[in-house]
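2 protein chains.
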Amino acid sequence: MSRQLHLNGFLKGAGEYHAGWRVPGNPPDAGVNFPFLAEQVQRLEAATFDSVFLPDLLGVPDDPPEVTERIAWSNDTLEPTTVLAALSTITSRIGLMATASTSYNQPYTLARIFASLDHLSKGRAGWNVVTSLNDAEARNFGFSAHLGHDVRYRRAEEFFDVVAGLWDSFDDGAVWADAASGRFFDPEGLHWLNHHGEFFDVAGPLNIRRPPQGRPVIAQAGSSGPGRALAARIADVVFTRALPLPDAQAYYASLKEQAAGLGREPLVLPELATVVAPTRAEAEDRFAAVRELLDPRVALADVQYWAGVDLTGLPLDAPLPPLPASSPRSAGAQAEIYAQAARDNLTIGDLVRIVADGDGAIIGTPADVADHIEEYFTQGAADGFNVSFPWQPETLVDFTDLVVPELRRRGLFRTEYAGTTLRDHLGLSRPASRHAAR
Amino acid sequence: MSRQLHLNGFLKGAGEYHAGWRVPGNPPDAGVNFPFLAEQVQRLEAATFDSVFLPDLLGVPDDPPEVTERIAWSNDTLEPTTVLAALSTITSRIGLMATASTSYNQPYTLARIFASLDHLSKGRAGWNVVTSLNDAEARNFGFSAHLGHDVRYRRAEEFFDVVAGLWDSFDDGAVWADAASGRFFDPEGLHWLNHHGEFFDVAGPLNIRRPPQGRPVIAQAGSSGPGRALAARIADVVFTRALPLPDAQAYYASLKEQAAGLGREPLVLPELATVVAPTRAEAEDRFAAVRELLDPRVALADVQYWAGVDLTGLPLDAPLPPLPASSPRSAGAQAEIYAQAARDNLTIGDLVRIVADGDGAIIGTPADVADHIEEYFTQGAADGFNVSFPWQPETLVDFTDLVVPELRRRGLFRTEYAGTTLRDHLGLSRPASRHAAR
Numbered sequence: 001m002s003r004q005l006h007l008n009g010f011l012k013g014a015g016e017y018h019a020g021w022r023v024p025g026n027p028p029d030a031g032v033n034f035p036f037l038a039e040q041v042q043r044l045e046a047a048t049f050d051s052v053f054l055p056d057l058l059g060v061p062d063d064p065p066e067v068t069e070r071i072a073w074s075n076d077t078l079e080p081t082t083v084l085a086a087l088s089t090i091t092s093r094i095g096l097m098a099t100a101s102t103s104y105n106q107p108y109t110l111a112r113i114f115a116s117l118d119h120l121s122k123g124r125a126g127w128n129v130v131t132s133l134n135d136a137e138a139r140n141f142g143f144s145a146h147l148g149h150d151v152r153y154r155r156a157e158e159f160f161d162v163v164a165g166l167w168d169s170f171d172d173g174a175v176w177a178d179a180a181s182g183r184f185f186d187p188e189g190l191h192w193l194n195h196h197g198e199f200f201d202v203a204g205p206l207n208i209r210r211p212p213q214g215r216p217v218i219a220q221a222g223s224s225g226p227g228r229a230l231a232a233r234i235a236d237v238v239f240t241r242a243l244p245l246p247d248a249q250a251y252y253a254s255l256k257e258q259a260a261g262l263g264r265e266p267l268v269l270p271e272l273a274t275v276v277a278p279t280r281a282e283a284e285d286r287f288a289a290v291r292e293l294l295d296p297r298v299a300l301a302d303v304q305y306w307a308g309v310d311l312t313g314l315p316l317d318a319p320l321p322p323l324p325a326s327s328p329r330s331a332g333a334q335a336e337i338y339a340q341a342a343r344d345n346l347t348i349g350d351l352v353r354i355v356a357d358g359d360g361a362i363i364g365t366p367a368d369v370a371d372h373i374e375e376y377f378t379q380g381a382a383d384g385f386n387v388s389f390p391w392q393p394e395t396l397v398d399f400t401d402l403v404v405p406e407l408r409r410r411g412l413f414r415t416e417y418a419g420t421t422l423r424d425h426l427g428l429s430r431p432a433s434r435h436a437a438r
Numbered sequence: 001m002s003r004q005l006h007l008n009g010f011l012k013g014a015g016e017y018h019a020g021w022r023v024p025g026n027p028p029d030a031g032v033n034f035p036f037l038a039e040q041v042q043r044l045e046a047a048t049f050d051s052v053f054l055p056d057l058l059g060v061p062d063d064p065p066e067v068t069e070r071i072a073w074s075n076d077t078l079e080p081t082t083v084l085a086a087l088s089t090i091t092s093r094i095g096l097m098a099t100a101s102t103s104y105n106q107p108y109t110l111a112r113i114f115a116s117l118d119h120l121s122k123g124r125a126g127w128n129v130v131t132s133l134n135d136a137e138a139r140n141f142g143f144s145a146h147l148g149h150d151v152r153y154r155r156a157e158e159f160f161d162v163v164a165g166l167w168d169s170f171d172d173g174a175v176w177a178d179a180a181s182g183r184f185f186d187p188e189g190l191h192w193l194n195h196h197g198e199f200f201d202v203a204g205p206l207n208i209r210r211p212p213q214g215r216p217v218i219a220q221a222g223s224s225g226p227g228r229a230l231a232a233r234i235a236d237v238v239f240t241r242a243l244p245l246p247d248a249q250a251y252y253a254s255l256k257e258q259a260a261g262l263g264r265e266p267l268v269l270p271e272l273a274t275v276v277a278p279t280r281a282e283a284e285d286r287f288a289a290v291r292e293l294l295d296p297r298v299a300l301a302d303v304q305y306w307a308g309v310d311l312t313g314l315p316l317d318a319p320l321p322p323l324p325a326s327s328p329r330s331a332g333a334q335a336e337i338y339a340q341a342a343r344d345n346l347t348i349g350d351l352v353r354i355v356a357d358g359d360g361a362i363i364g365t366p367a368d369v370a371d372h373i374e375e376y377f378t379q380g381a382a383d384g385f386n387v388s389f390p391w392q393p394e395t396l397v398d399f400t401d402l403v404v405p406e407l408r409r410r411g412l413f414r415t416e417y418a419g420t421t422l423r424d425h426l427g428l429s430r431p432a433s434r435h436a437a438r
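Those protein sequence lines, which keep their order, are chains A and B.
What the first sequence shows, in UniProt numbering, is residues 1 to 438, in sequence order.
What the second sequence shows, in UniProt numbering, is residues 1 to 438, in sequence order.
Just chain A, same shape as in the assembly (with noise of 0.2 Å):
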C-alpha cells in the first residue's frame, strides 16, 4: 500500500480562531457543549480522519482583565480525559486523543486514566505529552511560577518512563480470570516498577490490564532543544507549528533524523488552518467577515504569549524587545517567533497582524488546500497534518464537505478505516512489553 496522509482534527471549544466564538450561530456554551463537539467528531470519523486531539490548559492564563474576558476556549472548556471518555461511547473507529501536563499530574493517575481510556475506546486513545505552559497554571498547583525549561524536560522524561513502565505491569495474557482454580491472574505476568527517582518513587503495579494497544499513542509537540530530544525518543506523532516549506522540510529531516538514530521513526503532522470555499474570493469574504472580529488587543496579547516577553507599552511599529534573560513559558516557540521577525524584518504590529490574518492559514479553495498539503506530504515536509478549524462547525464542514473528497480524488488519503485502533490507523505496531521474552 502506498504511504497514508494522516489527518488529526484539533478540536477547541468554538474554534481555533480567537474570534471563532463569537461567528453568529455559534452556541454561546461551545466549551461546555458535549453534543455541539460529538456531532463534530462523528463528523470527523464519517471523514475517516485518523483522529481527533483536545488540547488543555490548567488555569485562566494571566492576561490584562480586557483581553481575559474576549477569550472563549481558556477560560470555560470541560477536562479533556472526560470528554475522551464520552467520546468513547458514541464513535468507534476514530482515535482520541488529549493533552495532559507532565509538571502538574502524578504519573500513577496519568497511567490509569489513558490505560481506561484505551480499554473504553477499545484501543483508540492517546496522550499528547506536555510540561504545561504558563505561570498561571503553576500557581494553581502549589508554585508561585511556572517550572524552569530544563527541570520541566526532566520531569516530563522521567513522567513518561513511569507511566509507560505502569502500562506494562500486566503482561499481555496475564490477567487469566480463572474461574475454575479461582487465581485471577498469572503471578508470573505481574511486574512492580519499584521506580525511585528524581521527581517520583512509584513502586506500582498499575491496577489495570495492559491496554489494548499495548499503550497509547503519544504525542508531542516539543520544539526546543529538549522538546525535539523528548519527541524523538518517546514520540508516535509529532504536532509542529504550521511553518513555511523550507522551514518545515528542515525539522521534518532533523526530527526523523534524530528519531532513526534511536531506532524510531515519528510520524509529523504541522498544523494546518483553513478556511475553504468554492471560489478563492469567496473563501476571502469568509474570513474577512470574522477577522473583523477580532479585537487586536487579543492578537497583541496572543504574540506576547508566544514570545514570552512583556509587550505592554511598546508601539507596534517597534521590533520585539531583546531576548529576556528568564526562562520563557516555551523556548521552542520563543525561537520561531524570534527567529522569524530577525529573518523577515517583523515588527510587533507585523507579528499582530500575522495573528490576525489566522497565522498561517490556508484560505482559498479545495484545492488551493489539496495542493498545500500534497506538496508538503510529498516533498518531506509531513506525514500529514493536525488541521485545526478557525470557527466551528463551519470551517470543520468545509473541510470533510470540500477538502476531503478533494484529497481521495487524488489518492492520498482513505476512503475507509483498514483497522479498528489508532496505532492502526497510524501505521504503527503494538508495542510488545518490556517484560515480554524476546
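Don't read these hints as lab results, they were simulated from the structure.
Incorrect hints may appear among the rest.
Copies of the same chain look alike in the list, so a pair counts if it fits in one copy or across any two.
[Said to hold, decoys possible] Here are the simulated lysine to any residue pairs, SDA-like style, with alpha carbons at most 25 Å apart:
| # | residue 1 | residue 2 |
| --- | --- | --- |
| 1 | Lys122 | Ala325 |
| 2 | Lys122 | Ser74 |
| 3 | Lys122 | Ala38 |
| 4 | Lys122 | Asp172 |
| 5 | Lys122 | Leu293 |
| 6 | Lys122 | Gln42 |
| 7 | Lys122 | His191 |
| 8 | Lys122 | Trp73 |
| 9 | Lys122 | Ala361 |
| 10 | Lys122 | Arg43 |
| 11 | Lys256 | Leu314 |
| 12 | Lys256 | Asp398 |
| 13 | Lys122 | Thr89 |
| 14 | Lys122 | Leu428 |
| 15 | Lys122 | Pro324 |
| 16 | Lys122 | Arg154 |
| 17 | Lys122 | Thr365 |
| 18 | Lys256 | Thr378 |
| 19 | Lys122 | Gly189 |
| 20 | Lys122 | Pro296 |
| 21 | Lys122 | Pro322 |
| 22 | Lys122 | Gly25 |
Everything numeric in this text was worked out from a predicted model, so none of it was measured.
Assemble the complex: chain A is given as a structure, and chain B must be docked to it using the hints.
Structure of chain B alone, referenced to chain A:
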C-alpha cells in the same frame, strides 16, 4: 410528598463479594468491560435508582501473593471518573458518583474533573470524598507509607474547601458569551480563590463555568471521629457500613445531630447487600454455591485489612490481638470491628466466617429485603440504602426485578424520576455560590 427512600447502586466489577467474579457466566474482563457495566447501569436507571457509585483504589493492596492472585476488582479496574463520563452519554437521569482521594490528588484537577462530569451529565455528578486507605496506594505517590489519620483528615478538609471554592469561580450567568460585544464573561462575576493553606496554594479561578448543580453532590463515608466531623460539615450523602438496627439508629441520630448543629441535614445510606430469590431456601442455596467459591485466605485478608492488624500465624480460635499503637488504615472501621468482636466475643475465625457469610447481606425473599429496608427507613436508621451486589449481573437483576416492585407496592419508592439532576432525586437544593448576593 411523603418522605422518599433513596437507592444508590454500588458497582464493583463483577460484584462486591470477593468470590463474585468466579460465578459461572461472568465475563472474565468485567473490570474493564464497559458494555457489561453499562447494561447494569441502564437497568438501575430503568428501576429509578437515585444514582450509581463506583469505588476506587489507587493501587494493588499489599496482601500475601496467594490472596492477591485470587482477587479481581482491585487488580483490574477502569479508572472511575472516565467511566462516569462514558456513562453520562448512555444514561439520562440516574446520578453518577465516584470515589476520588484527597490524599493523592490535587484539588484543581479534581475540581475540573467533577465540574466537567456535572456538565457532561447535565447535573448528575457526585464525588465520594475519601482520604484513601493503604500503604500500597501511598507508595504509588512518592510516600513510603500512608499519611497518618489526622493529617489525612486535615488535608481532606482543606482539599474540599479549595474544590468547593473553585466551583464558585464564575457566578451563575457570568459567562455571557456575548458575540455582539465580544465580551465572553462578566468580569465582576469571575473570582480568584487565592487560597494559601497548610497543604495547598491555589490561585484559581477554575477555567470552567459553574457546574449545573452548583456543586456536584458530595458523599462521604467517614466513621471515625474526624470522618464524622467531615461528613457532618460537607456531605450531602453519608455511606455507612451495614450495622445492626440499634447501632444504625445510634449512628443515624448522632450524625444528624452533629450536622444539624451546622445547619445541615445529610442523607444517611447504609450498605445493603442482598441475595434474593422467590423463596428463602432458593436464596440460601444460591448464596451457598457462591460461598463455596471463596478461598478462606481471602476472607482472612479482608478481616486483617479492615481491622488494621497483622493476623499472620495467629490461630483462628484466638481473639483479635491487642489494638496496635500505630495509626490504622481506617480508624472508624477498625473501631467498629474491635467493638463488634468485644461485644459478641468473636474469635478471628468468627470474623472470617462473618465475611464469608456476606458480612450482613440479606439472603431471602423480596419481602425479607423490603421488610429490612422499611424497618430501617421508618425506624430512624436510614434515609435509603447503598445497595451492593455480591455478584453481577444476577443479584442486581434480582434486586431490580423482585425487590424494587415490592418497595413500590409498599409506596416506599418512586415509580418515575420527578426531576433531572441528582440533587433533584435526593431532594437537595442547588447551593448558591458563596459570592451570590445574600
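Hint check results:
{"no.": "1", "hint": "Lys122 - Ala325", "in the structure": "neither (47 Å within a copy, 47 Å between copies)"}
{"no.": "2", "hint": "Lys122 - Ser74", "in the structure": "between (30 Å within a copy, 21 Å between copies)"}
{"no.": "3", "hint": "Lys122 - Ala38", "in the structure": "both (18 Å within a copy, 15 Å between copies)"}
{"no.": "4", "hint": "Lys122 - Asp172", "in the structure": "within (15 Å within a copy, 38 Å between copies)"}
{"no.": "5", "hint": "Lys122 - Leu293", "in the structure": "neither (42 Å within a copy, 31 Å between copies)"}
{"no.": "6", "hint": "Lys122 - Gln42", "in the structure": "both (17 Å within a copy, 21 Å between copies)"}
{"no.": "7", "hint": "Lys122 - His191", "in the structure": "within (23 Å within a copy, 40 Å between copies)"}
{"no.": "8", "hint": "Lys122 - Trp73", "in the structure": "between (29 Å within a copy, 20 Å between copies)"}
{"no.": "9", "hint": "Lys122 - Ala361", "in the structure": "neither (34 Å within a copy, 36 Å between copies)"}
{"no.": "10", "hint": "Lys122 - Arg43", "in the structure": "both (20 Å within a copy, 23 Å between copies)"}
{"no.": "11", "hint": "Lys256 - Leu314", "in the structure": "neither (40 Å within a copy, 62 Å between copies)"}
{"no.": "12", "hint": "Lys256 - Asp398", "in the structure": "neither (32 Å within a copy, 59 Å between copies)"}
{"no.": "13", "hint": "Lys122 - Thr89", "in the structure": "both (10 Å within a copy, 17 Å between copies)"}
{"no.": "14", "hint": "Lys122 - Leu428", "in the structure": "within (16 Å within a copy, 38 Å between copies)"}
{"no.": "15", "hint": "Lys122 - Pro324", "in the structure": "neither (47 Å within a copy, 46 Å between copies)"}
{"no.": "16", "hint": "Lys122 - Arg154", "in the structure": "neither (32 Å within a copy, 40 Å between copies)"}
{"no.": "17", "hint": "Lys122 - Thr365", "in the structure": "neither (37 Å within a copy, 40 Å between copies)"}
{"no.": "18", "hint": "Lys256 - Thr378", "in the structure": "within (15 Å within a copy, 71 Å between copies)"}
{"no.": "19", "hint": "Lys122 - Gly189", "in the structure": "within (22 Å within a copy, 42 Å between copies)"}
{"no.": "20", "hint": "Lys122 - Pro296", "in the structure": "neither (45 Å within a copy, 36 Å between copies)"}
{"no.": "21", "hint": "Lys122 - Pro322", "in the structure": "neither (50 Å within a copy, 49 Å between copies)"}
{"no.": "22", "hint": "Lys122 - Gly25", "in the structure": "between (35 Å within a copy, 22 Å between copies)"}
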